[in-house]
Structures are given as C-alpha cells and as structure tokens.
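Q: These protein sequence lines are chains A and B, in that order.
Take 1 as the starting number for the first sequence in this note's numbering and just add one per residue.
Take 1 as the starting number for the second sequence in this note's numbering and just add one per residue.
Just so you know, the hints here were simulated from the structure itself, not pulled from any lab data.
Note that the Cβ used here is the ideal one computed from N, Cα and C, for glycine as well.
Some clues are possibly wrong.
Claimed, not checked - So the derived list for chain A, only partly shown, Cβ under 8 Å to chain B, looks like this:
id, residue
1, Leu6
2, Ala8
3, Leu11
4, Val15
5, Leu22
6, Ala26
7, Ala30
8, Ser101
9, Val108
10, Phe136
11, Leu137
12, Gly327
13, Gly377
14, Leu387
15, Val429
16, Pro535
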Amino acid sequence: MTTGSLLAADLVIAVLAAAGWLGAGAASAARRRRLSLGLAAFALLATVARAVTVTALARAGWWFAEEKVLIAGPLSLAAVGVAGPRLRRAVPLLFAGYAESTALLVTVLHGYPATAGAGLFAVAVVAGATAITWRFLGSRPSRRLYRSTLAVAAAALLTGTGLAAAASAAPPPPHHHQYQYRNVAAGEATRRFTLTAATATVRVHDREVAAWAFNGQVPGPELTATVGDVLEVTLRNRNIGRGVTLHWHGYDVPNSQDGVPGVTQAAVLPGQEFVYRFRADQAGTYWYHTHAVSDVGVRMGLYGVLVVRPAPVTGIDVTLPVHTLGGLALPALTVASVDPGEPVRLRLLNTDNTTHRYALAGTPFRVAAIDGSDLNGPVSLVDTAVLIPAGGRYDLVFTAPSAPVGLFVDGRLVYSTGPVSLVTAGWPVLDPLTYGVRAAVPWSRSDRRFTLVLDRGLDLHGLLPRYAYTVNGKADPDIPPQVVHLGDVVEFTIVNRSLVVHPWHLHGHRVLVLSRNGRPATGSPLWLDSFDVRPGDVWKIAFLADNPGVWANHCHNLAHADEGMTLHLMYA
Amino acid sequence: MRKAFVVASSLLLAAFALQFVFAAVGAFTKPAGDGAYALHSVNGMAVIPALTLLTTLFAALAKAPGRLIGLAVLPLGLVLLQVLLAALANAFTDASGASTPVGLTIGGLHAVNGIVAVHIVVNVLRGARKLASPQLVAAVQAA
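Same shape as in the complex, but just chain A (with noise of 0.2 Å):
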C-alpha cells in the first residue's frame, strides 16, 4: 500500500470513528439500545484500526502522523477511555465522538506541523461541547465535574488563542539585495522576438474560443535560437487588464529576467513595454508563460514554446505542447508524411495543470532528454507510457520505421505519420528514476537543508479565511524565505501529506534528483526543472546555489500557487 493511499485510508477510517462515536451517543440518547451499543462497537473498532493506519504513517514519515500522533492520539485514548467502560451512557459516547471529529479537524484544517495551540484548541472544543451536551441531555455530573469542565475549556481556548496569535505575527519583511547579475553584454549575435499579448479569439477544432493570446495565437509564436545566440524579446501588453510578464520556464536566465511581478520585475500593464535579454547558454526543449495571474493566464493561453538547439536542425524536429484551452484540448492531430530511416525528435510538453500521459505506439524509442537536459545511456523503450508533470518536457527519439506512428496523450491522438489503432491504456509507464545509465555527479556534499511538508490548512491571512495550500503549515505570503549562500550546495526533501499531486517547480536552477520514497535514483543522472510530488511522496534533491537572486519556488498546479504554495528562495 502506498503512503498517498494510506493516507486516504487513514482519513476514511478517522470519519467512520468519529461518525460511529457520535451515531451511538444519538442513538444512546433517543434510547435506542441495541443501535448504540453496534454503533458504539463499530466506532471502537475503527478506533483501534486508526493505530495501525497512524503507525504505518509514523513510519513512513514522522511528516505524515505528527498530529496525528501527538494531538489525535491523546484523543483517541480520552476518547476509549471514557466511553469504552460506559458504551451505554450517553454523554461519554458523545464525548468519544467530540474527540474523534475534532482530531479529525485538526488534521484536516490544520495539518502539519502540530502546534500547542492547535492541541489546545481541540480541548477547549471538546470540553465546550460535552459541557454544552450535559446541559441540554439534563444529565448533569456533580457540579465539581461540570464546572472543572468549563474551567478546562476556557484556560485551553484562551491559552490557545494567546499561542496562535503568537506564532502567526507577521515574518520580517524580506530584506532586498543588489545583486550582480550576469550580464549579456551589448552588440552579440542577437535573435530579436516581440510578444504582444491582447485578448482573443482562437480556433480550436472548429469552435471559437475566447483566449489571451501571444501576437494573436495560442500557443504563441515558437522561439528557436541555437546555443550561444542572444535572446531579446520585447513583451507588449495591448490590453489584458491584469498585467503579463513572460517567464522562461526550466531556462536558468538571470535573476532580473525571470518574469515574477512583484520579485524581479512589476507587471507589464497594457499600454506597457518590457524587453527581456538573455543568452541562450542551455540546450533544450522549454517554454514560456506569463507568470502575472499566472493561472488564469496561462489556462487562458499565454504561453509558448521556447527550443535551444545545439545546432541547426537535422531530421524531423516536431514540438508537441499539450494544452487545455476553454476545456479542448491542444495540439490538433498533425498528420505527416516522414521517409522510413529518417531521425525524428519529438518534443512534448505539459503546459497544463496537471499530469497528462504520453504514450508512442508503432515504433521503439528511447528518451532522450527531460526537462532540456540530455540523460545518460537512455535505452530503447517500446510499447511504455510516460507521464509528463505540469510543466515538464520529454524528448522522444526513433527512427521513422515504415509502417506508421502515433503519439497519444491520455488516449487522444496528436501526431501520426499514417493511420494508427492502437490500445496504449494498459501499458506500463516509464519510470524516469531508473531509466538510463549512472554517472559521476559535481557534488555529493550538501550545505544547506531544507524541508517542505506540502498540504492544505485554514489561512486566517487578510480579510477572509480561505482553505489554502500550505507549506510548512503556511501560505504565501506568510512562508518564510530559504535563504542560501552563493556556492552552497543546497538539499530540499518535499514531502506530500495532501490528497492531491503537486507539481514542483523552482525557478532559477536545474535540480538533480537523490531519492524518491527512500529509494535512491539509480539510472541517468537526472536534472529536472518539475516534478511530480504524488500524495505520500517524499523526494530528495540538490542543487547548486549558482544563480544570485530571489527565486519563486512553487506548485506548478498554478491554482494551488495562487491559493498559497508559493515560496522564495533568496541569497544572503
């Protein structure tokens, strides 16, 4: 059993409890026997199963069971305690499921880490309702009882809140550096692009969609260069009213080109200018976005793809970029004719939000890069699906066989070279961790760690509370900066307690990849710029702190960045 379902399970054996504790409790006062006592029965059982489901988290990562542990588990045993040797009374039968629902709560809305403050307030909402319950059931205890109640209460719900307000006082502002940047000196070899982003409308098979488009086309204009060019591209904005920047997802550019509004540059209003200055040192397959509004924007079309070949182009060279526009999906099917014996590179992207499945039928093929960097001894792969995360790229290389191709994305076909019918749904994916030959990496040593336990909580941050996604137990703007030094050799373990798959994307620097669930990367040395974080994950990477800067370092699910799981990495 995985970690990510252990930790649905678990979630669904701790409703059953609770459920089970507070239907005896009902059933028990509505003098309902028998129901109450199966009920009350059911829940102690479910009870009980939560220690083996919470053990088996604790020791896949004390991550996924702290509160779980410290807070529920408390509970739980108040919980059995009380109402085990009283399954007929009323009252302890509530009060067991007073306990379960809250620690149910603490893990749903609050989550990791487990805070005195959260505990406290699970007490105080427990002693309230069973207080609450004596009064309105006119089973009152002895008054020492009822009031030591009250009394347990209020201390836990003003100890409390004295502690949360404590702890959530506002993170210093983060101090702004001059740093030196690399620049692109003037007068090199220079590829010049404008972008010029406005609202309208496409054609997507055979329907009008509204978009914001790139000089009037999604995706906008491909951009090529070959290593060593200089990049300029001047980003206009005629009128989207929000604001536009272009980042260079995967494309390590200086700091002040990143195209983050608000950290490296201000939004490019309408009516604004912005021209972007780079050179084009990585090979590879990337692609640019707007990162202002960035999920609306990009969803609503404001991408494209950027490639970097090391040298001009031999063979068929095709970029596929999956997209989901007004809920159709992009590329159309391309359809060509390629002579047998003929090199092909196919280069897909996941411009989406979440994970899409590639799968090539009709032909052997190995991977050749992802995420732009080239991999060591790919091997050849046939009849094997691979999944690409939100944002990632995979290169595909084989040679044009005679008889036809096709590429299909979650079953749908987007390329072919002849008529293909194929079933790919049952075949295996490629797992990327394993996949090609080892080589000697620059560095084994690591200077600087950092963990990042991603998951959901309340967030009192502004006016309204929102269920956000968190990091650390915080969303932004409240996550507290990484900070590195120049030279430092960085490790990040990220860490899934969600129910959902988180996309990890930072900005700035290729990360090399250790582990994944404790198991080590065995195959090519693997560079990546995203990555899927699946529930229950636990990775570990490294990179070198090369790029001075402030780097936003976030879910590319670019609605959970919105919604809080966005951080920075800044040096000192």
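Chain B: place on chain A using the hints.
A: Showing chain B alone in chain A's frame:
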C-alpha cells in the same frame, strides 16, 4: 424565538435545495473547469454551515427538545463529511488524474450523504413548525 427557528430552518432547507441546483449547474457547465462548481462550493462551505449554526442557535433559544437541537446541528457534521467525501473522490485518481472506480464510489456517497442531510433538515423544519404552533398542527391533524 420559535418563529425565528422556523424561519432559519426554512432558509436552511432553501439553501439545500439551491445546493442541488448548483451541483447541476456545475455538472452542465461547458467547458468543465475547476470554476464550474464555485457556487456549489461557496453555498456548501459557507452559507449552509452558517445557516445550520443559526438554526441550532434558535432551536436552543426556543427551548426546543434536545432531540430537535441535536437534529438541527447534525447537518454541520454531514457537511464536513461532504467536503471530505469530495476531497477523497478526487484523491482516488490514477497517475494521470483520471477517475477510478474507488473514487467514483466515494463520489457517489457524496450524493447519498446530501440526500440524508436534506431529509434531516426537512425533519428539523417540521419540528420547528410544530413547536411554533402546536394547536394549529393538532387542528390540522384532527381535520
């Protein structure tokens, strides 16, 4: 207070009826995006819990019997369960995000739980009306 209890529980029932309408709006919105269920989410996670608390408060102030107060607060627990069921249904997807039989089963329970909650609110409203005009109800039943 008894009148307030009737009004609050009527509003709660109306909010529940709207919740089904909003679910249909979400299901038939084309193209289906994350925003399709925005009304359903706001109504379910803000309006309904607030009205439930209000109904419970008025039930207590109207000195309703304990059973009726318990019944009035019950939708709160079921709403929390609803949110969890929706999250779990989305959690049980395969690697590329497509739904699985387990996820769809849990998603189905989301509908069942919704029906149970409406049934409870109907009973709360009946209880509230009985409390507000016991003679009238007695007369109607006699006639």
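Q: Against this structure, judge whether each hint is valid.
A: Here is what the structure says about each hint:
{"no.": "1", "hint": "Leu6", "in the structure": "violated (12 Å)"}
{"no.": "2", "hint": "Ala8", "in the structure": "holds (5 Å)"}
{"no.": "3", "hint": "Leu11", "in the structure": "holds (7 Å)"}
{"no.": "4", "hint": "Val15", "in the structure": "holds (6 Å)"}
{"no.": "5", "hint": "Leu22", "in the structure": "holds (7 Å)"}
{"no.": "6", "hint": "Ala26", "in the structure": "holds (6 Å)"}
{"no.": "7", "hint": "Ala30", "in the structure": "holds (6 Å)"}
{"no.": "8", "hint": "Ser101", "in the structure": "holds (7 Å)"}
{"no.": "9", "hint": "Val108", "in the structure": "holds (7 Å)"}
{"no.": "10", "hint": "Phe136", "in the structure": "holds (5 Å)"}
{"no.": "11", "hint": "Leu137", "in the structure": "holds (5 Å)"}
{"no.": "12", "hint": "Gly327", "in the structure": "holds (2 Å)"}
{"no.": "13", "hint": "Gly377", "in the structure": "violated (25 Å)"}
{"no.": "14", "hint": "Leu387", "in the structure": "holds (6 Å)"}
{"no.": "15", "hint": "Val429", "in the structure": "holds (6 Å)"}
{"no.": "16", "hint": "Pro535", "in the structure": "holds (7 Å)"}
Checked against the numbered hints given earlier, the structure breaks hints 1, 13 and satisfies all the rest.
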